[in-house]
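Protein chains: 2
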Amino acid sequence: MLQSRAFIQTKKEAPKDEQSVNAKLLLRGGYIEKLASGVYTFLPLGFLVLKRIERVIREEMDAVGGVELLMPALQPKELWEETGRWASMDVLYKIKDAQGREFALGATHEEVITGIVRNRTVSYKDLPFYLYQMQTKFRDELRAKSGILRGREFIMKDLYSFHATEEDRKAYYEKVKEAYLKIFKRCGVSVLVAEASGGSFSKEISHEFQVRTPGGEDIIIVCSRCDWAKNSEIAGKRAGEQCPSCGNALGEERSIEVGNIFTLGTKFSSVMKAFFTDKDGTEKPMIMGCYGMGLSRLMGAAAEVNYDERGIVWPREIAPYDLHLIPMQSKDAAMQKRIAQASEQLYQKLQERYTVLYDDRDASAGAKFADADLIGAPVRIVISEKTLAAESAEVKPRNGATAKIVKIKDIEKELCPVIQL
Amino acid sequence: MLQSRAFIQTKKEAPKDEQSVNAKLLLRGGYIEKLASGVYTFLPLGFLVLKRIERVIREEMDAVGGVELLMPALQPKELWEETGRWASMDVLYKIKDAQGREFALGATHEEVITGIVRNRTVSYKDLPFYLYQMQTKFRDELRAKSGILRGREFIMKDLYSFHATEEDRKAYYEKVKEAYLKIFKRCGVSVLVAEASGGSFSKEISHEFQVRTPGGEDIIIVCSRCDWAKNSEIAGKRAGEQCPSCGNALGEERSIEVGNIFTLGTKFSSVMKAFFTDKDGTEKPMIMGCYGMGLSRLMGAAAEVNYDERGIVWPREIAPYDLHLIPMQSKDAAMQKRIAQASEQLYQKLQERYTVLYDDRDASAGAKFADADLIGAPVRIVISEKTLAAESAEVKPRNGATAKIVKIKDIEKELCPVIQL
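Heads up: the protein sequence lines correspond to chains A and B, in order. Letter 219 of the first sequence, counting from 1, is numbered 886 in our numbering, and no numbers are missing. Letter 273 of the second sequence, counting from 1, is numbered 940 in our numbering, and no numbers are missing.
Hints listed in this document are in silico derivations from the structure and should not be mistaken for laboratory results. Owing to the predicted nature of the structure, the values given are computational and were not obtained by experimental measurement. Worth double-checking, as some hints may not be accurate.
[Stated by the list, open to error] With a cut-off of at most 25 Å between alpha-carbon atoms, the simulated SDA-like pairs for lysine to any residue come out as follows:
(1) A:Lys1004 x B:Glu908
(2) B:Lys701 x A:Gln802
(3) A:Lys761 x B:Leu809
(4) A:Lys761 x B:Ala703
(5) A:Lys852 x A:Leu1041
(6) A:Lys678 x A:Ala1001
Could you put the whole structure together from the sequences, leaning on the hints where they help?
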């Protein structure tokens, strides 16, 4: 992509009303733009990151048998009244149409998915099945905060599983847990799995995937020696007390919840009459699980833990572009032309294997380098009069590793280990 | 994809409240499910079609320089008041949050995109640029009708262009017109370009892309000899009168509008103060165009014009699967095993190049064939005791072309011309 056509405009300063690291970095880098409190546009760069996260999630959800669909945001009041959540869910946006009918804006989709499933004839032979979507959700949060970590409009992946037996549900729950760990690893965020409340869903505990960072709004109590970790809301222990598992002293940390998996059991299926016919011919409510993950929040969390003083350092798999190619200016017209030609040739060649942002702008080296650091593609490649004299380019990983001067013809060989393809 | 895991459930009869061809076919085929009037879930099959349409549109938008982003659905009242459309747009869903702030649910995005663009420093050198998104829109239509042709919640691609000169805008308008024709061709719908009103946007005419079909809700006056075509609302002529262009007798036809392109000029940019600095150093409002296309409507229109008495006949590029592979049952257990083995081998092989729905269900030939016709993948491949005796399979295009018995090892060669890869 030519940078001059990419609708990228970076900012030297973040707006004063944004406090969080992710919001500052993403706003300055030209990734997002605020429309209202908790409501952001994903500008072209931000959109590319979202799409890459979407792809990682889709691959891992498909790998555990997930089948993708897309449910509506407009959800009739009557459906939400069946589970009592029209009255009890406090973040529900409610809307009345011109004809007086009332709708909730989808804050979550248990009611809709259970409604779809109960419309079918389901035998034990059809179970289990796993349905997921990636879609915009709406929640009227009293306080939207932390940039895209807690928005009023945000993008979420929600997976729902349906089983004939509790054993089967439990086994799948563990499988999804593993899939989640793969997703976060691929997206460059290190998580720990903390026990948390089952919420209004269940008496059973749920599991949260927590990214430790000072910018998080959750507090977790963790053991640094074993894997004991709980959300402070249910921990029953404080920092300094002994770990119930290994006796080590517990610590307290702030963290961002990037995913949460729940045991629903028959809470929704029994109330909404989503039954299947079991082996013995009797009708039973399906046993359900639900598994959430915020795409926009994951993008924010990835920014929150991968940056330096100059900007974001995107993890390879979710960077908006693999490479940022920068031709330098020269005062000598003939040399300028040679640099441009060599750069464009390389640009064409690299695009066969990589996504490349090509800085074709008429700007100073300083401005181009500052933008490259702020945008944060994993590798910067610079062609200048000096490098060209040795038929080379400078290849510099964004993660701080040393820059190398590499023969242009060898660049692709050089890139493989650097960006870990 | 294994059909037993694909969450596909076809219906013998369409619900009685659905009148339109597309709704009947898509509901029976298991593509969509109604949640409320004008609000549908895209079930896994429908979701696949949407994704394929999205891909075609993305390719063609990128080819005309479009840069993709994603704008919010929650849009502050104040923004809509700037253009006066908070009061004047009658299909706007309005919502009030817990703190009393009012929002519109995005029915269209001129206000938001113009708001984004005015926040930037734009010089004539930065122009033109072209921004698009594919996103859910909400319109409180008095009467939702015709299945997914006119929904209250639907998916739309909207492109906005920004120019320094009217000549440049005009040239781009023609370029988008050509891109639209490519998209509709690839999606298997034949369109004609009809002149229509500029709506509230402009005094200039707009252009609609109309698919002629009895199920359409628009009426167009067309000449069958030349390319004169106008929406009846502005035609100034009736069927039977002379074509103003060639003198031929005009006809009247029903049609579905699948796309509409508009001249916005400076209507939004002057009111909202989206200025650029021109060559002479003066500030001028940017000159705008907007270009809409309904993804869900295009899916409905494609179904509406590509079907027979047995179900949908999907155009190749937007079919949910390229191939439907069906192993037949046999009463002989050893033969049954041979059929399954040969089918699975072929399934693995075909997946290297095609998307394949594999009917692994324990069902009768009749049930499997009926489902295959209803679902409408472009090619059906059947392996039975009889075909296997000749190391062959039956290859049958869904479009009515004659079935062929083809050696299994030659199937890929055979498929190339059949499904026009």
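Okay, the hints, checked on the actual structure:
As the CA atoms of A:Lys1004 and B:Glu908 are separated by approximately 62 Å, the hinted pair breaks the 25 Å bound. The straight-line distance between the Cα atoms of B:Lys701 and A:Gln802 is roughly 18 Å, inside the 25 Å bound, and the hint therefore holds. Among the hinted pairs, A:Lys761 with B:Leu809 is consistent with the structure: their alpha-carbon atoms are about 19 Å apart, no more than 25 Å. A distance of roughly 15 Å separates the Cα atoms of A:Lys761 and B:Ala703; the hinted pair therefore holds under the 25 Å criterion.
Straight-line distance between C-alpha atoms of A:Lys852 and A:Leu1041 comes to about 23 Å, which keeps the hinted pair within the 25 Å bound. For the hint linking A:Lys678 to A:Ala1001, the alpha-carbon distance of about 33 Å lies beyond 25 Å, and the restraint is violated.
Consistency with the previously given hints fails for numbers 1, 6, ordered from lowest to highest.
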